[in-house]
Amino acid sequence: MDSDDEGGFNSAASSIELDEEMSSSVDFDSDVELDDYQEDETAFEATAKDLAPRRKAYEVEYRVYSPKDIQAQQDDQVAEVANLLEQPPEATAILLRHVRWNKERLIEQYMDAQEELLDKAGLGQDISKNPPRLQVIDGFCCDICCEDTPGLESFAMNCGHRFCVDCYRQYLVQKIKGEGEAARIKCPGDGCNKIIDAKSLDLLVPTELTERYNELLMRTYVDDKENLKWCPAPNCVYAVECGVKKRDLNKIVPSVHCDCKHAFCFGCTLADHQPCPCVLVKKWLKKCEDDSETANWISANTKECPKCHSTIEKNGGCNHMTCRKCKNEFCWMCMGVWSEHGTSWYNCNRFEEKSGSDARDAQAKSRQSLERYLHYYNRYANHEQSAKLDKDIFHKTEKKMTLLQSSSGMSWIEVQFLEAASQALQQCRQTLKWTYAFAYYLARNNQTAIFEDNQKDLEMAVENLSEMFEKSTDQLAGLKVEMMDKTTYCMRRRVILLDDTAKNLKEQTWEFIVDMV
Amino acid sequence: MTAPLPKRIIKETERLQSEPVPGISAQPHDDNARYFDVMVEGPGGSCYEGGIFNLELFLPDDYPMCPPRIRFLTRIYHPNIDRLGRICLDVLKNNWSPALQIRTILLSIQALLGAPNPEDPLNEAVAKQWKENQPEAIRTAREWTKLYAQKK
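In order, the protein sequence lines correspond to chains A and B. Counting in the UniProt record's numbering, the first sequence runs from 1 upward without gaps. Counting in the UniProt record's numbering, the second sequence runs from 1 upward without gaps.
For the record, the hints were derived by calculation from the structure and aren't laboratory data. There's no promise every hint is true.
No more than 25 Å apart at the CA atoms, straight line, and that leaves these computed lysine-lysine pairs for PhoX-like [as the list claims (entries may be wrong)]:
{"hint": "1", "chain 1": "A", "residue 1": "K68", "chain 2": "A", "residue 2": "K251"}
{"hint": "2", "chain 1": "A", "residue 1": "K175", "chain 2": "B", "residue 2": "K93"}
{"hint": "3", "chain 1": "B", "residue 1": "K151", "chain 2": "A", "residue 2": "K177"}
{"hint": "4", "chain 1": "B", "residue 1": "K7", "chain 2": "A", "residue 2": "K175"}
{"hint": "5", "chain 1": "B", "residue 1": "K93", "chain 2": "A", "residue 2": "K120"}
Throw the hints in and build the complete structure from the sequences for me.
In structure tokens, the structure reads:
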């Protein structure tokens, strides 16, 4: 510690000296001095950058919004555009929804062809001229319920389709509650395209329905915006903003962390799957869905007909096989043609005839791809399973933490290393899991070898840390430092792996064995 | 037992009897005023001309907020009507408006007979035939009309 401090002081002192030296020697203009100067300059820049949090290659910029923020965002945009177009906010909101919140396009279209736009957007009520109100009209008969009692209250937008208040309300309730519609609720009149605005709605339906209506509008807002997505975690109300475009998903895996703690991919909204790009995740999941269990079973229980490669399960009987498909007769033991077996029925004790070994070679080749898949799948599945078990560990950790506090006299803050370790484990396993799906699609080359080394390092670090959780509580207190070191090491290995993969992804230097579409 | 019949249904039924639409009839059942026996004549000039098509029509509880349910009982060779007689028609689904009525819907169905739309098919096989070999499809439709849609 002491020597470190001294070093710090020394370097600080020397840099000051250097500065002085420089200011006094600029006049000399020699190469050496110039180089020194430049070096210093870059060194200074680097420290300035170090102070600010630097983004790794695998990290993306994003922001998490609460429903309140989203509402405010909408309101802001409506207010801004309303001002510009000199339209009331209710009408502006309808216009903005019509163009899916593309402000520029709206303004452009508004300037070009105002009438047409207003008509297309279904602008129903000219609120500025005649605010929505309920009216009693003599001799009115509602076209929906056929009611014509005098004094019946009715409502119509400027399209003139007038219905009684009860029917109008019932219609809106049906649309909002029954169909979950909000942004495009049309006038109930046949073939009328006018859209109900928020003000008219307020007038007609009870408050709790207005809330639902606003909630639905917010949903449409987030769905309409390409750079906004709802957090997919159950019951989570947050939305995340991220600028990564769909076309860039082969170059980056945009993992985001919602305020509810759920980490997910902004590209496909599946749980965080770094370092594997969305396309490969989709391919992999599909393959696993179709293949894994079946492939396991096929590998364990069947052989292929040496001639037509049909998959055959031997569920009884002798070794004399006749393929049902191509009628080829062969021996189940050595896979050679049966005719070479002569009279030694039901028992193959021949040693290596050519036909047999050829058949087995061919079979080995076709099985190889299956084995390759299973290699990756088993490791992928193992980490998935282990991550689940790690969750149990996490719950046990909480118990251990209280136990440790009472048995060793450690304070709450001192036992937090256990939680940190357990969280690191889960995160690293999640990453490891997807490295196997990623590796399955990699072509064999140098870069892949480096990747696998990184993968191996992380895996070893993870297993080492995982093992420590098996220790008894009284041992754990003594292992604190070691455990913290291992946690840090795990996280560092993870960062190295992710950073390296992301860099190469960005530069598109990975070579895949499948098309990235 | 059951809720009283809404004024709207009573009025509609009355008007269907007092001012019937030419080529269309709708008769409510005595024991269920929400269930109608419907008869639609094939429109003149179409391949369904001369045919008399029977349909059933039911007004669900939330009518007129929801569209009536309608089905052809007579077999018909038409790209927008399937083997069970179900009809693919916008006003019966998304474009339903509570301001529409039984009579307007039946008129739309009659119009659909006059203008089959193979681009939005319910019956794939018929629609395919309609697009690939229209004369043949029309011939079949005529044949079916003669076979199944004659007054008994």
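Against the earlier hints, flag every one the structure doesn't satisfy and list their numbers going up. When the structure is compared with the hints, numbers 1 and 3 turn out to be violated.
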